[in-house]
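Throw the hints in and build the complete structure from the sequences for me.
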Amino acid sequence: MDRAGFLERYEALPLPSTSDEHWRFTDLRGFDPDAFSVNGDRARQAGESMLEIDAAGVAEATEGAVEIVQAPEGVTFAPLDDHELLGTLVGAEDKLTAHNAALWKHGLLVQVPAGVELAKPLYVRVGNSTPGGTLFWRLLVVAGEGSRFTLIEESASAEPELESYSNAVAEVFLERGSKLEYVSIQNLSRGTWHFATHRARVDRDAELDWVAGGFGSRKGKVTIENRLAGQGATSRVTGAYFADGDQHLDYDTLQEHEAPHTTSDFAFKGVLRDRATSVWRGMIKVERDAQRTNAYQENRNLLLSPKAHADSIPGLEILANDVRCTHGATVSQVNRDELFYCMARGLSREEAQLLIVRGFYQEVFDRIELEPVRDALQSVLEARLLAA
Amino acid sequence: MALLEIKNLHVSTEDGTEIVRGVDLSVNTNEVHAIMGPNGSGKSTLAYALMGHPAYEITEGDILVDGESILELEADERAQRGLFLAFQYPHAVPGVTVASFLRSAINAVRKAKAGGEDDPIKIPEFRKRLDAAMKQLKVPKEMAGRYLNDGFSGGEKKRVEILQMALLQPRLAVLDETDSGLDIDALRIVAGGVRELVGPEMGALVITHYQRILNYIKPDFVHVFVDGRIVREGGPELAEQLEAEGYETFTPEPVGGEA
Ligand SMILES: Nc1ncnc2c1ncn2[C@@H]1O[C@H](COP(=O)(O)OP(=O)(O)OP(=O)(O)O)[C@@H](O)[C@H]1O
Ligand SMILES: [Mg+2]
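Sequence lines, in order, name chains D and C. Note that the first sequence ends on residue 397 in this note's numbering; no numbers are left out. Note that the second sequence ends on residue 264 in this note's numbering; no numbers are left out.
Because the hints were derived from the structure by calculation, they are not lab data. Just so you know, not all the hints are guaranteed correct.
[Claimed, not checked] Simulated restraints, written as ranges between beta carbons of each label pair:
{"#": "1", "chain 1": "C", "residue 1": "123", "chain 2": "D", "residue 2": "375", "range": "43 to 51 Å"}
{"#": "2", "chain 1": "D", "residue 1": "169", "chain 2": "C", "residue 2": "150", "range": "33 to 41 Å"}
{"#": "3", "chain 1": "D", "residue 1": "327", "chain 2": "C", "residue 2": "22", "range": "44 to 52 Å"}
{"#": "4", "chain 1": "C", "residue 1": "60", "chain 2": "D", "residue 2": "384", "range": "35 to 43 Å"}
[Claimed, not checked] Among the chain D residues that face chain C by a calculated CB cut under 7 Å, a handful are:
{"#": "5", "residue": "34"}
{"#": "6", "residue": "355"}
{"#": "7", "residue": "357"}
{"#": "8", "residue": "372"}
[Claimed, not checked] Covered by chain D, according to a simulated footprint, are these stretches of chain C (three or more residues, beta-carbon under 8 Å):
{"#": "9", "stretch": "47-60"}
{"#": "10", "stretch": "223-233"}
No residue lacks a Cβ here, since even glycine has one placed at the ideal position from N, Cα and C.
Listed below in structure tokens is the structure:
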């Protein structure tokens with residue numbers, strides 16, 4: 010399908026509504042994608058960087074441009090144009106992905122040739138700054154056979170109250186025996202409707218280690234799907250999210266085991282304050298041939314105020330018979346006895362709560378291998394937690 | 006003026022059941038008081054009420070520290086006044102290491118002492134004090150980096166309660182069955198640690214079922230606690246009598262006509 014075809018499809022499809030199972034808890038009333046201007050000419054970089062990182066390559070993307078600030082050696086790290094793999098993982102299956110397919114202009118291609126190992130990470134900052142604008146973002150990552158590298162993607166807004174619409178698609182390919190650490194941190198403004206579809210295909214003996222942090226945006230949905238396509242493939246996704254005020258976060262995850270001896274391990278933890286709400290949906294699918302599969306799925310939510318609300322919906326669809334799966338989903342308030350225990354040592358209610366929240370996240374932070382990423386996530390969180 | 010003075014204290018649970026039914030007790034620095042009583046008699050409830058647990062309501066009476074009522078104070082303010090409770094069942098705080106928890110607690114108390122201004126302890130000084138206390142209480146070094154009470158054995162939890170006491174330096178320590186779950190060596194070490202701290206700066210209230218810890222701690226007073234009340238008071242010899250005879254002889258006559 011060409012661009013015109015995608016646009017037609019976009020126009021023909023309705024916006025998802027709460028009668029669609031996957032959108033049951035994410036009501037898009039009040040959102041009109043056509044009310045936002047498209048591909049504005051602004052090329053101003055959004056805000057300060059969250060990470061202090063010594064990167065091999067740096068790119069910056071806005072509504073109006075993508076710029077390679079620092080090119081790494083020996084790998085393709087360039088504005089995305091046409092590519093044989095483009096659109097093969099994420100098509101135009103619904104109105105939002107069709108919108109991206111039809112209108113994205115500025116994207117990034119990261120292609121690391123077979124056998125190449127990068128000591129330093131690649132880093133792309135994506136930012137919106139146009140009031141009433143749309144940020145279409147498209148990322149294509151190809152990790153060649155046996156390659157190893159880290160890619161950090163950070164999305165942020167120039168202004169904390171910016172009204173905007175963000176629509177991102179990432180297609181990630183891990184070829185045989187490669188290892189990718191992929192970090193995506195989203196800290197968009199509270200006025201940004203944010204939709205993202207990330208899909209990864211992990212081939213034989215390849216390993217994907219993915220960290221997803223979600224702190225910003227107004228409402229939307231982030232889809233994270235991993236296809237374990239080759240024997241011995243592994244994917245680990247570690248998520249941390251925090252929302253307050255009227256924010257609504259939605260994570261929709263899929264662990265799809267197509268090949269035998271594959272492992273997936275998803276763990277998400279979220280904390281909600283004020284009237285914030287979240288949805289987490291997990292699905293483990295194990296195909297008939299995917300014997301000897303290990304699949305783990307966990308989502309834990311901590312509510313800091315009586316009006317905060319979290320929905321957590323785990324799911325399993327298992328067609329193979331020799332598999333190990335565990336899943337767990339919880340939504341809880343700060344335990345009164347734990348709070349009392351901390352206060353009995355002299356910590357004020359607020360300090361005790363902060364300590365408990367930090368501890369709550371620690372388990373997911375412990376899964377993050379890169380120290381600067383861990384530090385960055387921790388400091389974004391700290392800033393949010395302290396801004397009562 | 007007593008350090009701690011409990012006056013005609015009545016404590017009820019949230020559903021209105023009265024558990025502590027009129028307790029009078031004074032504890033001073035330099036003193037060790039032991040409370041002994043059967044299961045379910047209300048000892049932990051008394052301890053929780055002293056510390057200000059929100060699940061318990063004081064329906065009558067008062068608790069004074071240095072002559073001032075603390076009933077309106079929350080647990081943190083009570084701790085800042087020098088009250089410490091070693092919990093019978095210490096709660097886990099997952100994701101927070103023993104060391105970072107202790108540092109936060111020390112800093113909270115220091116902040117209160119400095120009139121609300123942050124006055125954090127310097128990290129090398131904290132490390133030094135922590136190492137020394139751990140060594141003295143024979144708590145293995147790696148415990149400092151473990152998440153507080155998360156997966157600790159019963160005895161480890163109790164030792165770490167006493168470690169917290171040693172570092173927080175309270176003025177009045179309430180130990181709720183700290184001895185149960187401790188092996189003999191640990192019991193000796195923990196009791197020694199408590200005894201060492203009792204002096205002009207600290208008094209202690211030790212809740213226990215067993216004579217053994219009292220052999221080491223050597224209480225000045227023993228209170229027999231039955232059915233929400235202190236039914237007998239005496240010196241250390243009372244503990245021996247209890248060990249020999251059980252609580253039978255101390256059980257009060259039923260009050261009123263109900264059988
Ligand atoms: N929060 C509560 N809600 C309801 N009942 C309670 C509550 N706390 C305590 N109780 C009841 O009050 C009574 C006294 O309990 P408490 O824990 O104070 O006893 P104890 O003397 O410490 O016993 P033990 O020696 O077994 O530790 C028990 O019957 C207990 O079930
Ligand atoms: Mg008890």
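Evaluation of the provided hints:
1. C/123 with D/375: 43 to 51 Å: 28 Å, violated
2. D/169 with C/150: 33 to 41 Å: 37 Å, holds
3. D/327 with C/22: 44 to 52 Å: 49 Å, holds
4. C/60 with D/384: 35 to 43 Å: Because 39 Å falls inside the window, the suggested range holds.
5. 34: 27 Å, violated
6. 355: 4 Å, holds
7. 357: Where the cut-off is 7 Å and the nearest Cβ of chain C is about 5 Å from residue 357 of chain D, the hint holds.
8. 372: 6 Å, holds
9. 47-60: Check passed, 5 qualifying residues.
10. 223-233: violated (count 0)
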